[in-house]
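J.: What follows is each chain in one-letter form.
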Amino acid sequence: MLVVWLVYTLALVIFFFFGWTGVYHARKYGIPGDFTKKAAVIYAALMIFIVFITASLALKNGADAPIKFPKINVKELLLIRK
Amino acid sequence: MQFQQNKDEKIEMIIRRHWFCVMGLVALITAMSILPVVAYFILKSYINLTQGFYNIFVLSLGIYYMFVATLFFIGWLDYYLDVAIITNERIVDIDQEGLFNRKVSELHFSKVQDATAEVKGIMRTMLNFGDVQVQTAGTQEEFILDEIPNPYKVAKIIIDFQQRCIENLGQKTNTDGV
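So the sequences go chain by chain: A and B.
Counting from 1013, one number per residue, gives the positions in the first sequence under my numbering.
Counting from 446, one number per residue, gives the positions in the second sequence under my numbering.
Take these hints with a grain of salt, some might be off.
Claimed, not checked - No more than 20 angstroms apart at the CA atoms, straight line, and that leaves these computed lysine to aspartate or glutamate pairs for DMTMM-like:
1. Lys1050/A to Asp523/B
2. Lys548/B to Asp527/B
3. Lys601/B to Glu551/B
4. Lys1040/A to Asp538/B
5. Lys1049/A to Glu542/B
6. Lys1040/A to Asp523/B
7. Lys455/B to Asp1046/A
8. Lys1040/A to Glu551/B
9. Lys452/B to Glu534/B
10. Lys1040/A to Asp540/B
11. Lys548/B to Asp576/B
12. Lys1040/A to Glu542/B
13. Lys1040/A to Asp527/B
14. Lys1049/A to Asp527/B
15. Lys1050/A to Asp527/B
16. Lys455/B to Glu612/B
17. Lys1049/A to Asp540/B
18. Lys1049/A to Asp523/B
These are computed hints drawn from the structure, not numbers from a lab.
Sequences are here, hints too, so could you generate the full structure?
T.: Here it is as structure tokens:
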């Protein structure tokens, strides 16, 4: 599970970079009075919201819950029934 | 800010591409947002989610939605920062391509020779959007405002400003001569 959290953190860092660059562009190149600054705030808030919801759901479920891959009923999945 | 307004310069128009041009992006983002929810409900009856697997699923979903949000934000910035500004002195065309490519060109009305509006296709005709080509004097490259709403009106406004600019220059020359 540690690996999953590490991958998640790495993804957050990458998205932070792109998000920050986008917000920087919006703030730097927006025309005064237009929507770019508000959009940057909405985007940043949305990203924080997604992180908060997903991380809290995962933590609530148990941060170190053992990973057991689910049993997939292939026959049913492929609609092959006897 | 990239656009610097001169003293006595007045912004007459700020033109962005027509909203129809961003509909492809909106449709893609909508489809991408709905897809995991639909996939979850379809697969739910076939897969028994364990606690650990549920965590992976939720965290992956978080990364996926952050990717979708970022894609939309970048696409929207590309649309919204791609802008043409018409002032009483010049046309400033700002081309934003992705996050890291940006081209700003400006053209003074004294160098404008002609402006041509072009509306091609059914959707463009119905929604009244198209391109405006501004021909310039000298070796300066042609100025094209892509997919803007009301192209005929914009072309007329450019021609009006160009004529006003020529008249002003003529008056100035006459008074200087006297």
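J.: Decide if the proposed pair is consistent with the structure: lysine 548/B and aspartate 576/B, CA atoms, cutoff 20 angstroms inclusive.
T.: 18 angstroms, holds
J.: Would you mind confirming whether the straight-line C-alpha gap from lysine 452/B to glutamate 534/B stays at or under 20 angstroms?
T.: 11 angstroms, holds
J.: Lysine 1050/A and aspartate 527/B: Cα distance at most 20 angstroms?
T.: Status holds; Cα separation ~17 angstroms.
J.: Taking only the CA atoms, is the gap from lysine 1049/A to aspartate 527/B under or equal to 20 angstroms?
T.: 15 angstroms, holds
J.: Lysine 548/B and aspartate 527/B: Cα distance at most 20 angstroms?
T.: 9 angstroms, holds
J.: Regarding the pair lysine 1050/A and aspartate 523/B, is the alpha-carbon distance no greater than 20 angstroms?
T.: Holds - the C-alpha atoms of aspartate 523/B and lysine 1050/A are around 16 angstroms apart, at most 20 angstroms.
J.: Please work out if lysine 1049/A and aspartate 540/B have their alpha carbons no farther apart than 20 angstroms.
T.: 19 angstroms, holds
J.: Decide if the proposed pair is consistent with the structure: lysine 1040/A and glutamate 542/B, CA atoms, cutoff 20 angstroms inclusive.
T.: Satisfied, since the Cα-Cα distance of roughly 15 angstroms is no more than 20 angstroms.
J.: Does the alpha-carbon distance linking lysine 601/B and glutamate 551/B stay inside the 20 angstroms limit?
T.: With Cα atoms ~18 angstroms apart, lysine 601/B and glutamate 551/B stay inside 20 angstroms; holds.
J.: Holds or violated: lysine 1049/A and glutamate 542/B, Cα atoms, limit 20 angstroms.
T.: 19 angstroms, holds
J.: Is it true that the CA of lysine 1040/A sits at most 20 angstroms from the CA of glutamate 551/B?
T.: Roughly 19 angstroms between the alpha carbons, so the hint for lysine 1040/A and glutamate 551/B holds.
J.: Verify the proposed pairing of lysine 1040/A with aspartate 540/B, using a straight-line Cα cut of 20 angstroms.
T.: 15 angstroms, holds
When held up to the earlier numbered hints, the structure conflicts with none and fits them all.
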